[in-house]
Amino acid sequence: MFQTRLSAGIRIAIGLAIILVAWQAATAVFHIPNYTLPSPSAIAAVMIKEWRPLLQNSLVTLQESGLGFGLSIVVSVPLGIVIVYSRWVEQVVYPFLVASQAIPKVALAPIFVVWFGFGLLPKVLIAFFIAFFPIVVNTVVGMSRTPPEMIHLMRSLGASPLQILLRVRLPSAAPYIFAGVKVAAAFAVVGAIVGEFIAANSGLGYMQLVADNNFQTDLLFGTLVALSVMGIALFYLVGLVEFVVLPRPLRQNRIEGGSTL
Amino acid sequence: MTASLAMGAPGARGVSIAASNIGMLFEREGRAVHALDDVTLDIPAGRFCYILGPSGCGKSTLLMLVAGLYSPTRGRIALDGQPLTGCYPNAGIVFQTDVLLPWLTVLDNVLLPAAVKRLPREPARARAHQLLERVGLGGFEIHYPSELSGGMRQRASLCRALLHEPSVLLMDEPFGALDALTRERMQTDLMKLWADDLKTVMFITHDIEEAVLLSDEVVVMSPRPGRILRRLPIGLDHPRSPEVRRDPRFHRIVDEIRDLFHETGIL
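The listed protein sequences derive, respectively, from chains A and B. At position 138 of the first sequence (counting the first as 1) the number is 138 in the working numbering, and the numbers step up by one without a gap. At position 230 of the second sequence (counting the first as 1) the number is 230 in the working numbering, and the numbers step up by one without a gap.
A hint or two may mislead.
Pairwise CB distance ranges (calculated) [unchecked claim]:
no., chain 1, residue 1, chain 2, residue 2, range
1, A, V225, B, K117, 50 to 58 Å
2, B, N21, A, V92, 37 to 45 Å
3, A, P95, B, T40, 46 to 54 Å
4, A, R248, B, T40, 28 to 36 Å
5, B, E27, A, V98, 21 to 29 Å
6, A, A99, B, E29, 23 to 31 Å
These are computed hints drawn from the structure, not numbers from a lab. All C-beta atoms in this analysis are idealised placements derived from N, C-alpha and C, irrespective of residue type, glycine included.
Take the sequences, apply the hints, and build the full model.
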């Protein structure tokens, strides 16, 4: 198990190295100007030079997406549970939730800015709004897939509804919930960036806009690298929590009910 | 030890099951299913009773009703003279599939009744180990169900059903999905466990020989809507060994049930 993970990591590192070398060579051989496609070394250089603003703005974006992501977990898992348990909520609220996904959520960002101003709040809310749906859907799907025999078993032992929820329904939904949370982690970063594109004076999205206006394509790529690192880190952080929290038979990656941005 | 002794023996546990005029209708995919029709059945405390019938005759439904997992459309069920309202809390159920929780180890699965009922931890653990040892699962305590064979999983689920010393054991064709050799092994295990505990057992099956081999009484049911066709006391002595299969009385009863199935067009 560990062996295969390790060798997979090595394979990814080799693949990445090949891409970077080819990229570097191509920019040199074909004389690609820096403002069109900077070389990896140029991007690295500008990232080292501008490390302080990159770090500061990364922390801003991390805060926005982290808060939105956290909020999406805190709201979505209980909401999913309520949808499964309450026929009324399922019939009245769930269709609206599903229909709301037809709206391009990115297009709602300007409205959020109008309502909530230029500060932290609109970015957190956009991140939340994009991230919450995959968790709700996966919680609902996971809980509904609980084999009915397991619930019969629990009832026959005299288990209370709360015991059935905690001992059977949530554990059997856990792999689905974690799959949704992983998707949500990536979506939350997107939400924060979109918020920053529209109105901000800090954050990686803001930094990208500034770099773009100044034709600093190398810095634009530098922020992209910072964003990717943040997204990957959040994804693996969730994976780590999953590894620690879930017993071995539940650690599977199941992705159900995708979502759109 | 005979069945009649079992019923009155000091220390015998178990409750009587009384089902009177049970009718059961339910809806499946928009159509009404008439599962049971006027079933009246008394199982005295401590008796090992097999319900035998063709597939879809409502025998599993009868078991679910006795467990209190569903309410009958008509009629009444009483355990130990008490009318059933909701789930009977002191039943042990073995389902058609093992229904082990895949995220718990074998030991934690067997301990599930103790966890749900908040029973004292140490005695429950000791009993779990003892039960697992008896069915040959000693040493598999910290394995997950996915690492066990089908027969081992079903044996673990039998241990779980027995953990809280239920006064009635309800078994819904638990050996149906097992291969023939594993099934015989399970039958022998069950005979041993029952000889120790002598609780009331209601066992659902469509396996005629198994029913005669293990039980005090075989209740034969008709195809849907399920009715009781005949009740056959099995006069063979307990404890039984697999050699009972060579007993001429064993074959006489098996043949009688076969004839009954022929007469009613089931076979």
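The hints, checked one at a time:
no. : hint                        : in the structure
1   : A:V225 / B:K117: 50 to 58 Å : holds, 56 Å
2   : B:N21 / A:V92: 37 to 45 Å   : holds, 41 Å
3   : A:P95 / B:T40: 46 to 54 Å   : holds, 47 Å
4   : A:R248 / B:T40: 28 to 36 Å  : violated, 49 Å
5   : B:E27 / A:V98: 21 to 29 Å   : holds, 27 Å
6   : A:A99 / B:E29: 23 to 31 Å   : holds, 28 Å
Hint 4 alone, counting from the list given before, is not met by this structure.
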